[in-house]
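Undergrad: Sequence lines, in order, name chains C and A. The first sequence begins at 1 in the numbering used here and counts up by one. The second sequence begins at 1001 in the numbering used here and counts up by one.
Everything labelled a hint here was simulated from the structure, so no lab data went into it.
Label-pair restraints from in silico Cβ distances:
no., chain 1, residue 1, chain 2, residue 2, range
1, C, D323, A, D1139, 49 to 55 Å
2, C, S185, A, P1306, 42 to 48 Å
3, A, D1139, C, E150, 39 to 45 Å
4, C, G43, A, V1019, 30 to 36 Å
5, C, T129, A, E1098, 25 to 31 Å
6, C, R88, A, W1233, 55 to 61 Å
7, C, T129, A, D1210, 56 to 62 Å
8, C, S11, A, P1308, 48 to 54 Å
9, C, S330, A, N1100, 41 to 47 Å
10, A, P1308, C, E36, 42 to 48 Å
Only some residues are given here: those of chain C computed to face chain A with a beta carbon under 7 Å:
no., residue
11, I68
12, P72
13, V78
14, H79
15, Q82
16, V91
17, L93
18, I94
19, M110
20, Q220
21, D251
22, H278
23, R280
Stretch by stretch, here's where chain C covers chain A in the computed footprint (C-beta under 8 Å, at least three residues):
no., region
24, 1091–1097
25, 1270–1276
Just so it is clear, CB atoms sit at the ideal spot from N, CA and C, and this is done for glycine as well.
Number of protein chains: 2
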Amino acid sequence: MKQVAEQAGVSISTVSHVVNKSPDARIGDEARSRVEAAVQELGYRPNPIAKNLVKGRSNLIGLVSDSIASTPFAGQIVHGAQDEAWKRGFVLLIANTEGNAEVEAQAITMMRGYNVRGILYSTWNHRGTRLPAGLADVDRVLVNCFAEGEPAPAVVPDELGGGLEAARMLLAAGHRRLAFINTTSPSPAREGRLAGLRAALREVGAAESDLLVLDARPEQEGGYAAAEEVVRWGATGVFCHNDRVAMGLYDALRERGMRIPEEVSIVGFDNQEVIAGHLRPPLSTVALPHYELGVRGIRALLGLEPVPPTGVLTVPCPPVPRDSVAPPGSASPRAAA
Amino acid sequence: MKQVAEQAGVSISTVSHVVNKSPDARIGDEARSRVEAAVQELGYRPNPIAKNLVKGRSNLIGLVSDSIASTPFAGQIVHGAQDEAWKRGFVLLIANTEGNAEVEAQAITMMRGYNVRGILYSTWNHRGTRLPAGLADVDRVLVNCFAEGEPAPAVVPDELGGGLEAARMLLAAGHRRLAFINTTSPSPAREGRLAGLRAALREVGAAESDLLVLDARPEQEGGYAAAEEVVRWGATGVFCHNDRVAMGLYDALRERGMRIPEEVSIVGFDNQEVIAGHLRPPLSTVALPHYELGVRGIRALLGLEPVPPTGVLTVPCPPVPRDSVAPPGSASPRAAA
Chain C
1 MKQVAEQAGV SISTVSHVVN KSPDARIGDE ARSRVEAAVQ ELGYRPNPIA
51 KNLVKGRSNL IGLVSDSIAS TPFAGQIVHG AQDEAWKRGF VLLIANTEGN
101 AEVEAQAITM MRGYNVRGIL YSTWNHRGTR LPAGLADVDR VLVNCFAEGE
151 PAPAVVPDEL GGGLEAARML LAAGHRRLAF INTTSPSPAR EGRLAGLRAA
201 LREVGAAESD LLVLDARPEQ EGGYAAAEEV VRWGATGVFC HNDRVAMGLY
251 DALRERGMRI PEEVSIVGFD NQEVIAGHLR PPLSTVALPH YELGVRGIRA
301 LLGLEPVPPT GVLTVPCPPV PRDSVAPPGS ASPRAAA
Chain A
1001 MKQVAEQAGV SISTVSHVVN KSPDARIGDE ARSRVEAAVQ ELGYRPNPIA
1051 KNLVKGRSNL IGLVSDSIAS TPFAGQIVHG AQDEAWKRGF VLLIANTEGN
1101 AEVEAQAITM MRGYNVRGIL YSTWNHRGTR LPAGLADVDR VLVNCFAEGE
1151 PAPAVVPDEL GGGLEAARML LAAGHRRLAF INTTSPSPAR EGRLAGLRAA
1201 LREVGAAESD LLVLDARPEQ EGGYAAAEEV VRWGATGVFC HNDRVAMGLY
1251 DALRERGMRI PEEVSIVGFD NQEVIAGHLR PPLSTVALPH YELGVRGIRA
1301 LLGLEPVPPT GVLTVPCPPV PRDSVAPPGS ASPRAAA
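Just chain C, with the same shape it has in the complex (with noise of 0.2 Å):
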């Protein structure tokens, strides 16, 4: 700045007026041309780090993660918060922490010596987590997670309204033999979407006797290994807790020459890009919204949504229908036989 000053023949601060466009200053249109000839010769680029420094402020917001890689989840919630920051002008300065409770420190260390407006903590499951010390006098926004003890603002995703969504699909096909197919880690996907499930049986006035609820490895060998007790039961709709487990109940059915949606109609939960619209039939399912969890955290951490008094905001799971789901009884006499 001092050398475009100079070569303009002018001072810093009408440098300084004439690159910020400030609109109170007075500049001689002359003036302002020899600083701008000046910038173009130059190649003078003004400095954020320095203006930040001077206003006491950035243009950066922080993201933690603790996974960004090992599913296509954390990607999503990225790039939402990434679209929505850029948008209101600012910039995500992510760190991936792969649950490294040192690095996560270093991280929020680094974010705040970099005077971020605020940081975003996101999980990539959905969990009830500890508020890192550093971020107990920072504006921050659990996305994914909520705090456990202390309140903080929190944006999850509807586990009971996405396990009400996927239930009333097979409901509204005709479906009263039920089974669910739920993992089991302990979580609030597997509470809620269960709580949903029960839910729709009560909307229509099914009986509970007719679901039988299963633990099983959310991944595709759960939903295999579940097969067995699914056909013994005589379901003929299953509801299963992710897509991974309804692609290997798939695999099962097969080998045993029962008919998706004609036999068995089946619908998934996570809508999983690589999967869910290329099974054969494609799985009806119902989406983790983690794009729009990634938009929602910066919104409410920049004051642009407000968070509910319970700090806690959930975002809806909707149903995404494919070809899994029919009405029971729908196979043709000759593939019955």
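Knowing the structure of chain C, use the given hints to seat chain A on it.
TA: Just chain A now, with coordinates in the frame of chain C:
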């Protein structure tokens, strides 16, 4: 720092020496204790922005990615880059452009404004690209892509070597009647994997006339649709352009009552986490080394890894043998009947 100096009754430069642990400074034990007590009491944190501004450098490295969310792959590049950057005392400033040229230009300007040590420019799929204007005069390394026209250091997967490894798995089991379901999209992956397959045929003196090469959409639907021609050709071993294609081929062969690997052996590519190890049988494949690309990109940027005179460093794609390859004709007589 001024407040710390006042409270401790020392000069600002003494505070600086103590805080920065300057090796050459001679500070009395008593003054040092007073400074440390004041730092503690006032909760002083050194400000890296101010420090960088003074020293004219930062501990930031920029990472521009064209897609962090659309595939699980970009996340692995970020993960590898971040692990290596942290190890070297650097932090990643990540921008996700989703291929938007304006966002990309803004991101690069912003990163340069923050005085980054250098910039990694990465793409989710391996391809040639034009070097963005903002990267012309800054330390930069391309990751998973290479500059067309102008020279720039690049780190990319060894597609040819990967194709060689994939084909060797089938050839080593004794297969000679082969099919390759390649992709329809022209790319280094398409050309490289085919060249590797041909090199593998030459290694064992196999005839090219026993190889069927098909182009298909690089998703499950492409593999499913290709099955008919593969079966008509009588291939006993099939190399698929990626794991998603292999998954579609599995579905189509099973519908025909054919068994994998007893009747048809299959090899994929990518080692896509949510699919490859969870098919029935688990898929033998070749891994795309995205994590390693991120690590090597940082190392090349920091001058810790020599980049060959071609400007392009290739990273091996290692084979991941599982259970989808067996010798031809290993179906039991009962099953064949």
